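Colleague: With chain A fixed as given, assemble chain B onto it according to the hints.
Top to bottom, those sequences are chains A and B.
The first sequence begins at 1 in my numbering and counts up by one.
The second sequence begins at 500 in my numbering and counts up by one.
Bear in mind the hints are in silico, worked out from the structure with no lab data behind them.
Pairwise CB distance ranges, derived in the manner of DEER restraints:
| hint | chain 1 | residue 1 | chain 2 | residue 2 | range |
| --- | --- | --- | --- | --- | --- |
| 1 | B | 574 | A | 377 | 17 to 25 angstroms |
| 2 | A | 457 | B | 547 | 22 to 30 angstroms |
| 3 | A | 22 | B | 563 | 27 to 35 angstroms |
| 4 | A | 458 | B | 505 | 22 to 30 angstroms |
| 5 | A | 57 | B | 553 | 46 to 54 angstroms |
None of the values given here were measured: they were computed from a predicted structure.
Where is the CB? At the ideal position from N, CA and C, for every residue including glycine.
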Amino acid sequence: MAPPFRKILIANRGEIAVRVARACREMGIAAAAVFSEADRDSLHVRYADEAYPIGPAAPAESYLSIERVMDAARRAGAEAIHPGYGFLSENPRFAEACENAGVIFIGPPAAAMRLMGNKVEARRQMKAAGVPITPGSDGPVASAGDVEKAASALGYPILIKAAAGGGGRGMRVVRARKEIDSALAACRSEAGSAFGDPSVYVERYWDRVRHIEVQVLADACGHTVHLGERECSIQRRHQKLIEESPSPLLDEAARERLGAAAVRACEAIGYRSAGTVEFLADAQGGFWFMEVNARLQVEHPVTEMVTGIDLVRAQIRIAAGEDPGLRQEGIRMRGAAIECRLCSEDPDNDFLPSPGRIDRLRVPGGPGVRDDSGVYEGYVMPPYYDSLFSKLIVWGADRREAIERMRRCLDEYVVEGIPTTLPFHRRVIDDPRFVSGDLHTRFIEEMKGGAPAPEPSGPMEDLAAIAVALDRSAAVAPPRPPAEGWKHAGRRRQLEKRT
Amino acid sequence: MAVEQSTTRTRVRIGDRLHEVALERRGSRVVAHVDGREHRLSVHESQRGVYSLLPLDGGGRSVEVRVAAPVQPGGDYRVGVRSRTIVAGIEMPGRAQQRGERGETGAGRVLKAVMPGRIVRVLVSAGDKVRRGQGIVVIEAMKMENELSAPREGTVVRVLASAGDRVEAGAELAVIE
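Excised from the complex, chain A in its bound form (with noise of 0.2 angstroms):
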């Protein structure tokens, strides 16, 4: 079977990069890349069968230009783009850039993307198409009059969003009205330099809630349906960093009821191709809508363990107009899985980002394990991009061996060079209450009163201090021979032999 395009240009950088241009190549589709000055050495160039540049470092020049972009896709003749997350992946003008330049945009229409890039219009259309809705405010609030009526009407504390925001960005917790002023001025400002669109509305806020999604494919020939959902309610400041499926917290009855209104929700906006619907949950299997992420997401990984369905390659299909044959009683959940976003940032100096040098990098490996790694050894982070730059994802027959999979591999893990936020990943995994499934939104911030590791025993101390020593003799010592230095000698010796 020919495959469906002869070239993807992926429209990223990093591990997701690495990820598409591995579906293209099981596909036969060449990869083309672009990269910024700031990416010539990264391992997604390497990888992919084309590169292209796009400009200076910082993505407004680069990865965020839509000109550069098409201009590189043109450069290479790509019939199809993907972009990725994040960048122009939501960008609905970048979206009609494709279609006017007759380039397969690999995402849902623009003009699904711009509904739910309008979170006050996504809640009106979910409200129509009777998907339950976090209460809120009918539509944009103007003045801090308007929230304090819309806060006594929802109760304490609520949530200032903007209106064109996403992916926890532009959001403001008020718990009482004389906060009321500073944070819709705050709001407002940073909705409006962030997202250009300074509108604003209003949501009831839990502190302590789960945050529950559903993975929804839909083809070009009327198919729409949901893999399950994803629980990613371990969070920071609003940004995920372990998530998991299934969820412990909803049983198959709860699953069908979320997955139904996720494929309800889609199928009212006309959506296509890969896309996420967020909820908020209680403990008491109540949800409701929260917003519709419309593209490939970060934590895609852990819905492809559990379903076996490789979403990106999916998405390929249903750009070319194909028929994936995915029918809702096909697709089954199996065993569970969890994935951890591995960050260079420093989780004992609050998270703080750490570009640098990776001195020394070992993946695990073995059964169920899944590493979607952006870098390699040596690298050199760049500072100007996210801080992610890998994905431990594993499987296993269930949520109790996943998470000793988990143990396994991040105890295996080594990443040296670079702070990075394994440690704080171990901390949670060891965790009794994630053991549990007791996961809320204030899952980390209720951890951090957890007690200092241990000073290491002696006859540990004692073996550091001696490899210590040993090193630090081997580097005084007259040099030894390169590992390598028999393959020279042998060299040599035939050179010799010659002459």
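Modeller: Frame of chain A; chain B shown alone:
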């Protein structure tokens, strides 16, 4: 082939403990004395800086120790054993005395940028008294604003950066005594 032999003495600091390490090497056999405690080991450097230690005490244990030597002389070693990192340093004779006189590690005087970025805001002026953990400058890097704070209590002697400056990693930002 001659077996490599050597005898060395090194003082290794871990936390607030100072260890006297005496090593006798004969090829891959090492007899080490750490503060007088004897360890007999088979040692192979299997990869650069990665040591496979098999203690020869009949217990059959296998211990991998990864040593990341300091980037700058006098800096910290980072030693990895399983998933734990132990920070260690080499004590040169005479230096311990110097440190004792100053009464502190000397690392707290100059606040340096930990990453390249742009200074967004300077939060203090020369003469300000600051608490440990108090914000000194805000640097924009990796799409986020990050506040760098005073490592210990003191007085700001000099501010070396201004809002708008682009700085490299290691750039000196303020002197706090």
